[in-house]
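Engineer: Take these sequences, add in the hints, and give me the full structure.
Each chain is listed here by its residues.
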Amino acid sequence: MAVMNMIEAINSGLETMMERDDDVVIMGEDVGYFGGVFRATAGLQEKFGKTRCFDTPISECGIIGAAVGMCAYGLRPVPEIQFADYIYPGMDQLISEAARLRYRSAGKFTAPLTVRSPFGGGIFGGQTHSQSPEAMFTHVSGLKTVIPSTPYDAKGLLIASIEDNDPVLFFEPKRIYNGPFTGYYDNPVEPWSKFAEAEVPAGHYTVPLGKANIVRDGDAVTVLAYGTMVHVCKAVVEEHQINAEVIDLRTLVPVDIETIEQSVKKTGRCLIVHEATRTSGFGAELSALVQERCFYHLEAPIERVTGFDTPYPHSLEWAYFPGPVRIGEALEKIVRDLKS
Amino acid sequence: MADDNIQSNLPPLTLHIPEPKFRPGDTVDYSDLQIPEAGAQARPDIHSAPKDMQHLVYDMVRVLDDDHKAVGPWDPNLDDEILLKMLRTMVQVRTFDDRLHRQQRQGKTSFYMKCTGEEATSVAAAMALHGDDMCFPSYRQQGILFVRGYPMIEMVNQIFSNKADKLKGRQLPIMYSSSELNFFTVSGNLTTQYPQAVGWAMASASKGDSRIAAAWCGEGSTAEGDFHAAMTFAAVYNAPVIMNVINNQWAISSFSGFAGAERTTFAARGAGYGIAALRVDGNDPLAVYAATSWAAERARTNQGPTLIEHFTYRAEAHSTSDDPTAYRSAQEREEWPLGDPIMRLKRHLIRRGVWSEEQQEALDAECLEAVKETVKEAAKNGILGHGLHQPFETMFQDVFEDMPWHLKEQAEQANKEREIKWPS
Chain B
1 MAVMNMIEAI
11 NSGLETMMER
21 DDDVVIMGED
31 VGYFGGVFRA
41 TAGLQEKFGK
51 TRCFDTPISE
61 CGIIGAAVGM
71 CAYGLRPVPE
81 IQFADYIYPG
91 MDQLISEAAR
101 LRYRSAGKFT
111 APLTVRSPFG
121 GGIFGGQTHS
131 QSPEAMFTHV
141 SGLKTVIPST
151 PYDAKGLLIA
161 SIEDNDPVLF
171 FEPKRIYNGP
181 FTGYYDNPVE
191 PWSKFAEAEV
201 PAGHYTVPLG
211 KANIVRDGDA
221 VTVLAYGTMV
231 HVCKAVVEEH
241 QINAEVIDLR
251 TLVPVDIETI
261 EQSVKKTGRC
271 LIVHEATRTS
281 GFGAELSALV
291 QERCFYHLEA
301 PIERVTGFDT
311 PYPHSLEWAY
321 FPGPVRIGEA
331 LEKIVRDLKS
Chain W
1 MADDNIQSNL
11 PPLTLHIPEP
21 KFRPGDTVDY
31 SDLQIPEAGA
41 QARPDIHSAP
51 KDMQHLVYDM
61 VRVLDDDHKA
71 VGPWDPNLDD
81 EILLKMLRTM
91 VQVRTFDDRL
101 HRQQRQGKTS
111 FYMKCTGEEA
121 TSVAAAMALH
131 GDDMCFPSYR
141 QQGILFVRGY
151 PMIEMVNQIF
161 SNKADKLKGR
171 QLPIMYSSSE
181 LNFFTVSGNL
191 TTQYPQAVGW
201 AMASASKGDS
211 RIAAAWCGEG
221 STAEGDFHAA
231 MTFAAVYNAP
241 VIMNVINNQW
251 AISSFSGFAG
261 AERTTFAARG
271 AGYGIAALRV
281 DGNDPLAVYA
291 ATSWAAERAR
301 TNQGPTLIEH
311 FTYRAEAHST
321 SDDPTAYRSA
331 QEREEWPLGD
341 PIMRLKRHLI
351 RRGVWSEEQQ
361 EALDAECLEA
371 VKETVKEAAK
381 NGILGHGLHQ
391 PFETMFQDVF
401 EDMPWHLKEQ
411 AEQANKEREI
421 KWPS
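In the order they appear, the protein sequences are chains B and W.
1 is the number of the first residue of the first sequence in the numbering used here; add one for each residue after it.
1 is the number of the first residue of the second sequence in the numbering used here; add one for each residue after it.
Certain hints may be false.
So the derived label-pair ranges between C-beta atoms look like this [as the list claims (entries may be wrong)]:
(1) B:T51 x W:E358: 39 to 45 Å
(2) W:I252 x B:T128: 34 to 40 Å
(3) W:H386 x B:K47: 58 to 64 Å
(4) B:R293 x W:P24: 55 to 61 Å
(5) W:L388 x B:K265: 19 to 25 Å
It should be emphasised that the hints constitute simulated quantities derived from the structure, not laboratory data.
The beta carbon of each residue, even a glycine, is placed where N, CA and C say it ideally should be.
Structural biologist: Pasting the structure below:
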């Protein structure tokens with residue numbers, strides 16, 4: 001089995017689908033000849049030709065809008081939005097169009113597109129290259145939101161997203177493109193090649209949408225996270241020697257409520273972690289779901305650890321980032337009575 | 001500083017807020033509206049470069065002259081049979097609009113939008129396209145469905161949101177959808193269909209297909225970013241698409257000046273993108289047909305996109321929720337110098353000797369009877385607000401292909417509420 005970082009795994013997923021299905025086309029800013037600013041589409045234009053993988057004008061509205069029209073024709077476009085921070089000009093096409101086509105045409109027109117977009121911070125990207133806008137999409141009926149945290153999952157989830165007949169927002173945590181991140185930003189990045197999750201099968205396989213992954217078994221507290229924060233949470237849990245169950249949600253909509261419910265009913269405690277801003281973040285939804293379904297099993301208030309409600313700062317990035325200190329404190333607080 | 005002194009001598013800045021020429025009660029005078037003579041416009045070869053025909057964006061393609069003759073190089077030379085079908089279809093649309101508007105006033109549905117005065121811009125345009133060309137309409141292109149033979153009863157069922165409504169009562173009346181007839185599902189958000197039409201056309205070209213796309217939007221909506229994204233994409237990829245701008249002068253209460261009409265024409269938008277563009281007398285069905293055929297031939301032969309401004313007039317209210325007497329002069333419609341498309345085609349056919357006032361009266365009566373009959377039939381399937389026409393599950397279907405757990409839970413809740421709210 002090949003060892004790949006997340007970019008290579010995504011590239012392999014795209015290549016696999018382009019080979020299998022002539023209707024899969026890739027479009028976006030700089031994705032063609034150059035192969036994408038993060039190299040996710042490297043080599044695809046050369047292999048499949050200019051009409052299968054091509055550059056677009058700098059117009060997210062145009063990219064998503066044209067992709068919706070291509071869906072109406074029968075294609076299965078995989079547009080790339082270069083940074084999730086740039087997706088807003090395409091919002092109307094995503095929310096009012098892609099997400100609603102199936103409903104408003106009673107199933108006659110559909111939008112099986114997968115919008116790939118690097119998201120999240122921790123790369124000194126400043127406020128316009130660091131945002132985590134996933135909750136804006138989880139709030140929209142008709143959209144699926146998927147976020148991988150390993151190369152293996154990235155390829156399998158991407159293929160599942162492309163094959164899905166509904167529009168999918170596929171957010172790629174760019175901080176962990178090259179290797180998992182523990183939250184200790186001073187430490188050098190350990191490359192994916194040192195980790196088992198970097199073993200990626202050649203060819204076609206899927207990781208199903210709507211299924212979470214329990215990345216660490218435990219009984220003291222359930223930690224719900226996705227993307228980069230899965231790895232940060234795992235590291236902090238080890239550091240604090242707390243026997244937490246860490247769940248990588250992988251898909252936010254539809255969320256794997258069964259896995260969440262089973263875990264929280266077992267542990268009686270729940271910590272929710274995301275990098276996105278706090279107010280109306282996806283953590284609020286998770287917190288409400290856990291409270292509604294597991295209230296009588298809870299031994300402590302649900303805790304949320306998130307980014308602050310500010311734009312993503314540049315120089316103070318590591319003051320903003322919900323790293324080991326913030327997560328560690330919340331973990332200790334939630335299990336306090338267990339330890340005493 | 002010297003610059004400061006210069007500036008202090010200038011009058012203060014003023015902000016220009018456009019104002020239409022006529023308001024309610026005003027006498028309308030269209031004498032400064034430039035209406036070129038019919039037949040005077042050159043018809044460029046379809047292989048011409050956009051830059052070689054830029055004068056046409058300030059001109060107006062016209063075929064029917066004041067004596068109701070078809071004149072000039074744009075005369076599409078259509079057979080009597082086609083012209084009679086065009087007339088019949090436009091009459092059907094107008095009759096349908098009148099009757100269905102009345103149904104809304106009688107409380108049988110929530111909303112209606114007429115296209116009165118603009119029938120040519122969808123009927124003649126659709127007739128110049130192939131049936132398998134993909135249309136991305138706005139909300140006033142019901143004429144396309146009539147041309148393509150969509151059953152009228154399906155339209156009324158949709159307007160009544162009744163149990164036979166193919167869209168399951170989900171859409172506002174008149175927001176039709178027919179994948180079978182290549183009529184894209186109508187959006188209430190403006191101009192979103194423009195980049196979609198371009199994307200469809202790009203897909204068709206990339207697959208080596210022969211079908212082209214056509215989109216419609218109003219002049220007011222050309223201000224949306226989607227319009228400009230679509231123009232850019234169409235130009236960049238030389239997409240086989242026709243982009244129709246229906247300049248009916250009014251966007252609800254905002255006159256065309258709020259979309260930039262005080263400065264230039266809407267066809268002139270094409271020049272900046274290097275896109276072929278025509279400005280057409282939108283109340284002249286032959287001119288609309290000719291322009292669309294010309295653009296379609298260009299698109300079909302890889303000559304790329306065309307922007308067509310149809311200069312017309314919204315003769316009625318924006319919708320049943322609108323009252324134009326509150327913001328524009330009633331005389332505008334009466335004095336409109338380009339007349340009425342049905343009247344003009346009728347007179348042309350009479351002049352050709354293939355039609356008469358008696359035949360027109362008979363056609364009007366026949367169309368009215370057909371619509372009345374259809375409305376009666378459709379009402380048997382129910383009308384909006386009288387009973388529950390769709391099972392509650394349908395509210396939750398088609399959000400996704402497969403219903404996820406949270407929607408199943410919510411569907412269950414809706415059904416429980418139903419038992420309380422509407423006990424059987």
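Engineer: Evaluate each hint against the coordinates.
Structural biologist: Hints, one by one, checked against the model:
Take B:T51 and W:E358: their Cβ atoms lie about 57 Å apart, and the range 39 to 45 Å is violated. Under the hint 34 to 40 Å, the C-beta atoms of W:I252 and B:T128, about 36 Å apart, fit the expected range. The beta-carbon spacing between W:H386 and B:K47, approximately 60 Å, falls within the hinted interval of 58 to 64 Å. The supplied range of 55 to 61 Å is met by B:R293 and W:P24, whose beta-carbon atoms lie about 60 Å from each other.
Distance hint for W:L388 and B:K265: a CB-CB separation of about 38 Å, inconsistent with the stated range 19 to 25 Å.
Checked against the numbered hints given earlier, this structure breaks hints 1 and 5; the rest are met.
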